[in-house]
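Heads up: the sequence shown at position 136 corresponds to 136 in this note's numbering, and the numbers run straight through without jumps.
All clues stand as given, with none of them false.
Label-pair restraints from in silico Cβ distances:
(1) Asn169 x Asn65: 38 to 46 Å
(2) Gly214 x Ala183: 27 to 35 Å
(3) Lys67 x Arg165: 36 to 44 Å
(4) Asn65 x Val163: 30 to 38 Å
(5) Arg74 x Lys144: 21 to 29 Å
(6) Pro131 x Gly214: 39 to 47 Å
(7) Lys175 x Glu66: 33 to 41 Å
(8) Lys81 x Ser219: 27 to 35 Å
(9) Asn187 x Lys216: 14 to 22 Å
(10) Ala93 x Gly214: 15 to 23 Å
(11) Asn169 x Ala93: 18 to 26 Å
(12) Pro212 x Lys161: 39 to 47 Å
To be clear, the hints were calculated from the coordinates, so they are not data collected in a lab.
It should be emphasised that the depicted structure is a prediction, and the values quoted were computed from it without experimental measurement.
For each residue, glycine too, the CB sits at the ideal point set by N, CA and C.
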Amino acid sequence: MANPRIEEVDDVSDPEEVDLEEAFDFARPGQNTLAPASDPSQSRLDPDVMQQMLASQSGANPQMNEKERLQRERQATESAKQYQCLYPVYFDASRSREEGRRVKMEDAVDCPLAREIVEALQYIGDSQNIPFRVVFEPHKSHPKDWANPGRIRVLVKKDGKAVDRKVKNKHHLYKLVADYLKAHPTNENSPMKMQMRGLPPQKEKIPPPAVPRGFKISSILPLHSPALSGGGVSDNMMQDMMKELQNAGGGQGMPSLPAGLSNMMGGGGAGGGAGGGGAVQKKDKKKR
Numbered sequence: 001m002a003n004p005r006i007e008e009v010d011d012v013s014d015p016e017e018v019d020l021e022e023a024f025d026f027a028r029p030g031q032n033t034l035a036p037a038s039d040p041s042q043s044r045l046d047p048d049v050m051q052q053m054l055a056s057q058s059g060a061n062p063q064m065n066e067k068e069r070l071q072r073e074r075q076a077t078e079s080a081k082q083y084q085c086l087y088p089v090y091f092d093a094s095r096s097r098e099e100g101r102r103v104k105m106e107d108a109v110d111c112p113l114a115r116e117i118v119e120a121l122q123y124i125g126d127s128q129n130i131p132f133r134v135v136f137e138p139h140k141s142h143p144k145d146w147a148n149p150g151r152i153r154v155l156v157k158k159d160g161k162a163v164d165r166k167v168k169n170k171h172h173l174y175k176l177v178a179d180y181l182k183a184h185p186t187n188e189n190s191p192m193k194m195q196m197r198g199l200p201p202q203k204e205k206i207p208p209p210a211v212p213r214g215f216k217i218s219s220i221l222p223l224h225s226p227a228l229s230g231g232g233v234s235d236n237m238m239q240d241m242m243k244e245l246q247n248a249g250g251g252q253g254m255p256s257l258p259a260g261l262s263n264m265m266g267g268g269g270a271g272g273g274a275g276g277g278g279a280v281q282k283k284d285k286k287k288r
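From just these sequences and the hints, can you work out the full model?
Here it is, written out as structure tokens:
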């Protein structure tokens with residue numbers, strides 16, 4: 001019987017990038033909170049473009065209405081379909097190759113964030129005079145890393161040829177980004193750099209997420225992560241639903257909840273009908 005052997009696979013053996021469909025967009029919140037991607041027509045990712053991008057993410061552009069914003073996002077996404085994708089999981093030291101990592105282990109980092117990858121591209125473009133074309137999609141997620149949303153599209157090759165000879169291919173770009181991430185490690189203040197539209201301003205540090213057994217989730221996540229309370233997934237969805245119903249009805253004259261839903265809520269504050277009916281049934285059984 002042959003002995004099993006663990007071997008580090010070289011970057012060149014990675015499969016080709018595939019464009020993920022909307023079905024893999026696990027972290028997408030409501031339509032009104034979807035932020036636009038940057039305009040791929042920008043020839044450089046300079047500081048002014050970065051600020052414009054982040055302003056659009058936070059909804060700080062009052063001149064652009066919802067229809068114009070969505071149209072701009074669709075145009076940017078359509079134009080960037082041939083761009084190469086970068087996800088935080090590609091650089092995650094806690095992941096194996098099978099779990100999504102694409103760089104060598106010595107190039108991987110702890111808790112990579114999409115926002116930090118954007119900064120890496122800005123630095124690489126400025127320091128090496130590379131006119132990157134970039135689209136940042138903060139709500140897109142890799143299917144193997146649903147808790148850490150953020151996708152960056154970069155034009156590395158066009159018609160099979162490198163756009164800039166300073167970046168030979170996507171694996172070379174991975175290495176350049178990894179070097180920047182290693183020199184600028186993520187810390188607990190990193191998520192504060194990007195305040196997302198539809199989320200309240202975060203003034204205090206967010207505690208690490210509770211990680212279910214068998215899951216791999218970074219201890220530092222973006223503010224809009226569905227793994228964080230308030231980032232799209234509630235700690236107790238049913239209790240929150242109940243509070244909303246109570247607030248809507250003012251606690252009086254509220255329609256009775258179905259018995260099953262009332263029982264799931266522990267019978268607390270459910271509008272008198274359902275809870276009372278359950279008590280009468282129990283008394284009837286005792287009499288029989």
